[in-house]
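Below are the chains, spelled out letter by letter.
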Amino acid sequence: MMKDNDDKAFNAWMENRRFEEPSAGLATRIIRAAAGREQRAPFSLGGFLRRTFQEFHLPSPAYALAVVLLIGFAVGANAPSATADSQDDSEIQTLLYMDGGSL
Amino acid sequence: MLSPHHAGNVAEELDASSQHAASSAMTAHDDAALLARISEGNASAFAALVERHNRRFYALAYRFTMHRQEAEDVVQDAFLKLWERPDQWQADRNTRFTTWFYRVVVNLCLDRKKRKRPLPLAEDFDMADDRPSQEESFSGHQQRKLLESAIADLPERQRVALNLCFYEGLSNQEAADVMQLNLKALQSLLMRAKATLKETFARMI
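Top to bottom, those sequences are chains D and R.
For what it's worth, this note's numbering labels the leading residue of the first sequence as 1, then goes sequentially.
For what it's worth, this note's numbering labels the leading residue of the second sequence as 1, then goes sequentially.
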């Protein structure tokens, strides 16, 4: 009996918590705030590429991308195979050979 | 054997319970339909969803912030996130919209609390030491302040569990879903929260 009373008193105390009602116009405020915002589409590669091309205003994005890729491959294929490092190596070998020859 | 009177009561309870379950399922279905329209950019569906749920989510946010403006801001932020990225809620995950959105609101409240300095309390909120001497009798106002302080001192997860179950009236299973816990873990959090508060209450009386 005593415990029941304690439990009741405890529950009454718990229910005594402060609460303020929301402003009357809360829903309206949220709806108005949303009206000024655009929805964002979920991320997709296609969407990302589309937005990127829109940003750069390419006249025919698909063709432009293909042309850029072709140019890249062409440049890569025609580049001299000897790199700066291998040139350096051959110069060092020549120098060593010459040094060796003179010794 | 049930007396006719009891049998009648049980039948009424079952009827009320099934009606509640049916209306709850209907609401969940309506929410899903509204969200499908929101993801197509339908502003009136969004307005209907806000009108339907803003008060319940405000109540939850208020339990965490204890500040009307702050709670309203949290609810607004949560709904705006939903409007901007409706795909974040996925019907096929078998989670009710309200369960998922409770989680969003709770996370926003906890994030805000971590990020921001404490807001000024409402004007009627007295910051004086709440602990009275034993001779002092407690007024309702003092009891309320002590309750607020005791709840604020609870560990975060216990506070969330208490707010969801005791103050927002969610079932233990729903609260467990919101907190992404199993039922036993939630019950344990609730028991510990209540035990701590009972100790405070026992010291007070």
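You may find that some hints are simply not true.
[As the list claims (entries may be wrong)] Selected chain R positions facing chain D (Cβ under 10 Å, derived; list incomplete):
#, residue
1, Leu154
2, Pro155
3, Leu181
[Claimed, not checked] List of simulated lysine-lysine pairs, DSS-like, C-alpha gap at most 27 Å:
#, chain 1, residue 1, chain 2, residue 2
4, R, Lys116, R, Lys198
5, R, Lys145, R, Lys81
6, R, Lys81, D, Lys3
7, R, Lys114, D, Lys8
8, R, Lys198, D, Lys8
9, R, Lys194, R, Lys113
10, R, Lys114, D, Lys3
11, R, Lys145, R, Lys184
12, R, Lys114, R, Lys81
13, D, Lys3, R, Lys113
14, R, Lys184, R, Lys198
15, R, Lys194, R, Lys184
16, R, Lys81, R, Lys113
17, R, Lys145, R, Lys113
18, D, Lys3, R, Lys116
19, R, Lys145, R, Lys114
20, R, Lys81, D, Lys8
21, R, Lys194, R, Lys81
22, R, Lys113, D, Lys8
Keep in mind the hints are simulated off the structure, nothing from the lab.
Cβ atoms here follow ideal geometry from the backbone N, Cα and C, with glycine treated the same way.
Against the structure, the hints:
1. Leu154: Hint on Leu154 (chain R): violated, closest Cβ of chain D at ~12 Å, above 10 Å.
2. Pro155: violated, 18 Å
3. Leu181: violated, 22 Å
4. R:Lys116 with R:Lys198: violated, 30 Å
5. R:Lys145 with R:Lys81: With a Cα-Cα distance of about 34 Å, the restraint between Lys145 (chain R) and Lys81 (chain R) is violated, given a limit of 27 Å.
6. R:Lys81 with D:Lys3: Since the Cα atoms of Lys81 (chain R) and Lys3 (chain D) sit roughly 47 Å apart, the hinted pair is violated (cutoff 27 Å).
7. R:Lys114 with D:Lys8: This hinted pair is violated, its Cα atoms lying about 35 Å apart.
8. R:Lys198 with D:Lys8: Satisfied, since the Cα-Cα distance of roughly 12 Å is no more than 27 Å.
9. R:Lys194 with R:Lys113: Distance ~23 Å between Lys194 (chain R) and Lys113 (chain R) Cα, so the pair holds.
10. R:Lys114 with D:Lys3: Outside the cut-off at roughly 39 Å; violated.
11. R:Lys145 with R:Lys184: violated, 31 Å
12. R:Lys114 with R:Lys81: Answer holds: Lys114 (chain R) to Lys81 (chain R) is near 19 Å, not above 27 Å.
13. D:Lys3 with R:Lys113: violated, 37 Å
14. R:Lys184 with R:Lys198: With Cα atoms ~21 Å apart, Lys184 (chain R) and Lys198 (chain R) stay inside 27 Å; holds.
15. R:Lys194 with R:Lys184: holds, 15 Å
16. R:Lys81 with R:Lys113: holds, 18 Å
17. R:Lys145 with R:Lys113: Measuring from Cα to Cα gives roughly 20 Å; hence the hint holds.
18. D:Lys3 with R:Lys116: The given pair, whose Cα atoms are some 42 Å apart, is violated under the 27 Å limit.
19. R:Lys145 with R:Lys114: With a Cα-Cα distance of about 22 Å, the restraint between Lys145 (chain R) and Lys114 (chain R) holds, given a limit of 27 Å.
20. R:Lys81 with D:Lys8: violated, 41 Å
21. R:Lys194 with R:Lys81: At roughly 34 Å apart (the allowed maximum being 27 Å), Lys81 (chain R) and Lys194 (chain R) break the hint.
22. R:Lys113 with D:Lys8: Between Lys113 (chain R) and Lys8 (chain D) the Cα gap is close to 32 Å, so the pair fails against 27 Å, i.e. violated.
The structure fails to meet hints 1, 2, 3, 4, 5, 6, 7, 10, 11, 13, 18, 20, 21, 22 from the earlier list, while all remaining hints are met.
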